[in-house]
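Participant: Protein chains in written order, with the working numbering: chain L, 7 to 259; chain R, 193 to 592.
If you're looking for bench data, these hints aren't it; they were derived computationally from the structure.
Note that the structure is a prediction, hence the values are computed from the model and not measured.
Beta carbons: idealized from backbone N, C-alpha and C, even for Gly.
Just so you know, not all the hints are guaranteed correct.
[Said to hold, decoys possible] Covered by chain L, per the in silico footprint, the following chain R stretches (three or more residues, Cβ under 8 Å):
(1) 385 to 391
(2) 530 to 537
(3) 553 to 567
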Amino acid sequence: MATLEIKDLHVTVTTEEGEKEILKGVDLTVKTGEVHAIMGPNGSGKSTLAYSIAGHPKYNITSGTVTLDGVDILSMSVDERARAGLFLAMQYPVEVPGVSVANFLRTAKTAIDGEAPKLRTWVKDVNAALERVTLDKDFAQRSVNEGFSGGEKKRHEIAQLELLNPKFAVLDETDSGLDIDALRVVSEGVNRYSDQGDRGVLLITHYTRILRYIKPDYVHVFVAGRVADQGGPELADELEANGYDKYVKAAAL
Amino acid sequence: MTTSSFVDGSEAIQDSMAKALELSPVESHLHPEGSFDLADHPVPTGLEEIWRFTPLKRLRDLHKDAPLDGDHHTVEVDAAPGVTAVSVPVADSARGVSGYVPVDRVSARAWAAATSVFEVTIPADAEIEQPTTIRLHGAGIEKAGAGHLLVRAGRFSRAVVVVDYDGSATWAENIEVVVEDGAHLTFVTIQDWNDDSVHVVTQHATVGRDAELRHVAVSLGGDVVRASTSADYRGTGGSVEMLGVYFADAGQHIEHRLFADHTAPRTKSNVEYKGALQGQDAHTVWIGNVLIRKEAEGILTYESNDNLVLTDGAKADSVPNLEIETGDIEGAGHASTTGRFDDQHLFYLQSRGIPEEEARRLVVHGFFNDIIRRIGVPALQERLVASIEAELAEHVGRID
Ligand SMILES: Nc1ncnc2c1ncn2[C@@H]1O[C@H](COP(=O)(O)OP(=O)(O)OP(=O)(O)O)[C@@H](O)[C@H]1O
Ligand SMILES: [Mg+2]
Numbered sequence: 007m008a009t010l011e012i013k014d015l016h017v018t019v020t021t022e023e024g025e026k027e028i029l030k031g032v033d034l035t036v037k038t039g040e041v042h043a044i045m046g047p048n049g050s051g052k053s054t055l056a057y058s059i060a061g062h063p064k065y066n067i068t069s070g071t072v073t074l075d076g077v078d079i080l081s082m083s084v085d086e087r088a089r090a091g092l093f094l095a096m097q098y099p100v101e102v103p104g105v106s107v108a109n110f111l112r113t114a115k116t117a118i119d120g121e122a123p124k125l126r127t128w129v130k131d132v133n134a135a136l137e138r139v140t141l142d143k144d145f146a147q148r149s150v151n152e153g154f155s156g157g158e159k160k161r162h163e164i165a166q167l168e169l170l171n172p173k174f175a176v177l178d179e180t181d182s183g184l185d186i187d188a189l190r191v192v193s194e195g196v197n198r199y200s201d202q203g204d205r206g207v208l209l210i211t212h213y214t215r216i217l218r219y220i221k222p223d224y225v226h227v228f229v230a231g232r233v234a235d236q237g238g239p240e241l242a243d244e245l246e247a248n249g250y251d252k253y254v255k256a257a258a259l
Numbered sequence: 193m194t195t196s197s198f199v200d201g202s203e204a205i206q207d208s209m210a211k212a213l214e215l216s217p218v219e220s221h222l223h224p225e226g227s228f229d230l231a232d233h234p235v236p237t238g239l240e241e242i243w244r245f246t247p248l249k250r251l252r253d254l255h256k257d258a259p260l261d262g263d264h265h266t267v268e269v270d271a272a273p274g275v276t277a278v279s280v281p282v283a284d285s286a287r288g289v290s291g292y293v294p295v296d297r298v299s300a301r302a303w304a305a306a307t308s309v310f311e312v313t314i315p316a317d318a319e320i321e322q323p324t325t326i327r328l329h330g331a332g333i334e335k336a337g338a339g340h341l342l343v344r345a346g347r348f349s350r351a352v353v354v355v356d357y358d359g360s361a362t363w364a365e366n367i368e369v370v371v372e373d374g375a376h377l378t379f380v381t382i383q384d385w386n387d388d389s390v391h392v393v394t395q396h397a398t399v400g401r402d403a404e405l406r407h408v409a410v411s412l413g414g415d416v417v418r419a420s421t422s423a424d425y426r427g428t429g430g431s432v433e434m435l436g437v438y439f440a441d442a443g444q445h446i447e448h449r450l451f452a453d454h455t456a457p458r459t460k461s462n463v464e465y466k467g468a469l470q471g472q473d474a475h476t477v478w479i480g481n482v483l484i485r486k487e488a489e490g491i492l493t494y495e496s497n498d499n500l501v502l503t504d505g506a507k508a509d510s511v512p513n514l515e516i517e518t519g520d521i522e523g524a525g526h527a528s529t530t531g532r533f534d535d536q537h538l539f540y541l542q543s544r545g546i547p548e549e550e551a552r553r554l555v556v557h558g559f560f561n562d563i564i565r566r567i568g569v570p571a572l573q574e575r576l577v578a579s580i581e582a583e584l585a586e587h588v589g590r591i592d
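Could you put together the complete structure from these sequences and hints?
Facilitator: What follows is the structure, given as structure tokens:
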């Protein structure tokens with residue numbers, strides 16, 4: 007079993023008016039075998055948390071720790087974190103002109119595994135992963151995310167999740183912008199991944215809709231840069247009924 | 193204006209010429225008046241619009257009066273079956289058939305100094321897949337030389353011609369390209385010079401009715417490379433694509449000056465150049481001029497230049513110019529970008545475990561890929577990818 011542990015994490019971004027604190031002491035522990043949902047209103051800092059874990063240069067960690075099985079990951083480069091077993095499915099996946107999906111995936115797989123994948127099975131694996139998220143195999147020849155629709159980008163993230171098969175996956179609003187069929191396809195991908203039993207999922211979402219397909223073990227309410235409440239799946243139902251109002255009001259006090 | 197009146201000389205293009213001659217005069221700095229007379233081309237001072245980016249001091253007096261009688265070079269030809277590629281004395285040559293008249297002093301001097309013309313001729317109706325390659329190898333920079341190349345693609349022919357420069361030279365050159373009606377020519381120049389070469393080349397292409405020219409310029413080597421390329425049209429429906437890839441290292445000056453002169457209706461031009469720069473005083477210049485004349489109704493033009501600045505101390509100048517004299521065009525646009533690595537690209541690739549250095553390589557290859565994959569000559573595309581890899585190996589791992 008592996009553990010991803012976030013302790014008292016404070017994060018700022020640099021603005022024209024100076025440093026602005028976005029995360030104000032986040033505590034969260036995810037173990038492999040668990041699915042955690044993080045739910046919160048717009049602007050509460052959910053993506054900031056996801057990017058900070060992944061190591062995006064825009065975010066400054068001012069205090070706190072993030073460890074993977076006790077090993078500090080904040081001192082690692084972005085790619086080292088990925089090779090240590092972290093994966094971030096982005097809310098807005100980046101377009102990389104001229105780099106084909108096939109080349110990108112092979113390079114990533116080689117980096118993660120420390121050796122090139124077997125050519126014969128790899129092409130089949132890629133095609134199968136694309137097919138599972140209902141992307142045509144032609145996508146392998148296109149430039150990474152370039153000209154993909156919003157839904158195609160999200161499905162491409164999940165195809166990568168399955169191919170790279172990290173220890174922990176942080177999924178930042180992978181459900182937003184998906185129609186109902188795509189939502190089902192994406193959810194099935196996440197479930198296949200977590201059903202392996204020894205993987206951890208941190209599912210960031212704004213809506214409860216995806217929780218009809220992916221059953222979280224824990225739900226955390228994220229408001230104003232910290233975890234305001236947590237509980238079991240029933241907490242999601244309560245949020246569905248009552249929204250974030252009471253938490254937002256409490257945080258404003 | 194003289195550059196729009198075509199010089200007589202080829203039977204095959206006579207009928208389309210008649211129409212092209214009825215052009216109205218243009219008052220435009222995009223359209224300098226050419227002349228064969230050296231007296232009409234005073235020694236540039238560097239203040240002139242067409243010279244202001246060029247480091248004249250490094251031209252070894254090509255722009256002044258350096259003798260151009262050097263012959264320290266060898267030419268190696270690999271002509272595809274059916275294509276003739278021979279050197280002929282100026283007097284017996286079809287020089288001038290493109291209508292070109294020298295537009296600057298280096299060009300006029302090269303014109304006067306050339307004693308022979310290298311003529312590449314693709315017969316009418318020939319469809320030739322195999323590229324014809326001309327390798328010009330310079331064997332020393334001490335004595336400057338001048339050359340003249342004329343490429344003629346006969347009516348309805350299809351062919352690929354590649355000119356490959358390497359070695360060390362101080363070289364002034366004129367190139368004429370004639371693409372007759374309905375022909376399709378891919379013409380590629382590769383500047384793979386040693387670091388000490390100076391090459392000032394002026395090219396003019398004229399494109400017939402419904403003909404297509406794909407012009408590809410690859411500039412990697414040389415101390416100073418200045419390539420001025422213009423194209424005009426002899427009939428409706430002609431199309432010109434100008435693709436360029438360049439990579440400037442420390443101290444290198446690479447300058448591309450493009451001019452698409454829309455002299456006929458319903459013609460197309462598409463200019464796309466991409467360059468990378470690395471190292472102290474790497475300097476690139478891209479000038480993209482497009483003139484749409486009054487008679488050029490219904491034309492379509494687009495030009496773009498993107499520069500990727502890989503290190504501090506490098507400088508990219510990029511100047512698109514569009515002059516429109518008719519209200520009736522199908523489309524005209526331009527774009528120019530100069531930037532560093534996009535952090536978002538690197539972050540995305542690295543977040544998938546790809547080490548930073550590898551991520552940078554992927555981004556640079558990706559940047560050039562858009563153009564390289566459109567060259568349409570597979571062997572050349574592979575070679576270019578390898579050349580870019582080699583350029584990157586020198587530096588990219590070492591930037592922060
Ligand atoms: N450069 C910046 N300058 C000022 N504020 C910033 C900057 N970058 C982020 N923020 C602010 O940080 C806050 C948290 O943003 P974040 O993207 O983490 O929110 P989120 O919870 O993911 O929201 P959403 O549900 O809309 O995705 C927002 O209020 C945002 O405006
Ligand atoms: Mg977000």
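Participant: Per the coverage rule (Cβ-Cβ under 8 Å, at least three residues), is the region 530 to 537 of chain R covered by chain L?
Facilitator: With 3 residues in contact (Cβ-Cβ under 8 Å with chain L), the coverage given for the region 530 to 537 of chain R holds.
Participant: Would you check chain L against the region 385 to 391 of chain R, counting CB to CB pairs closer than 8 Å, and say if three or more residues qualify?
Facilitator: The restraint on the region 385 to 391 of chain R is violated, since only 0 of its residues have a Cβ under 8 Å from chain L and three are required.
Participant: Does the region 553 to 567 of chain R contain three or more residues whose Cβ lies closer than 8 Å to a Cβ of chain L?
Facilitator: Holds: 8 residues of the region 553 to 567 of chain R have a Cβ under 8 Å from chain L.
Hint compliance for this structure: hint 1 alone is broken.
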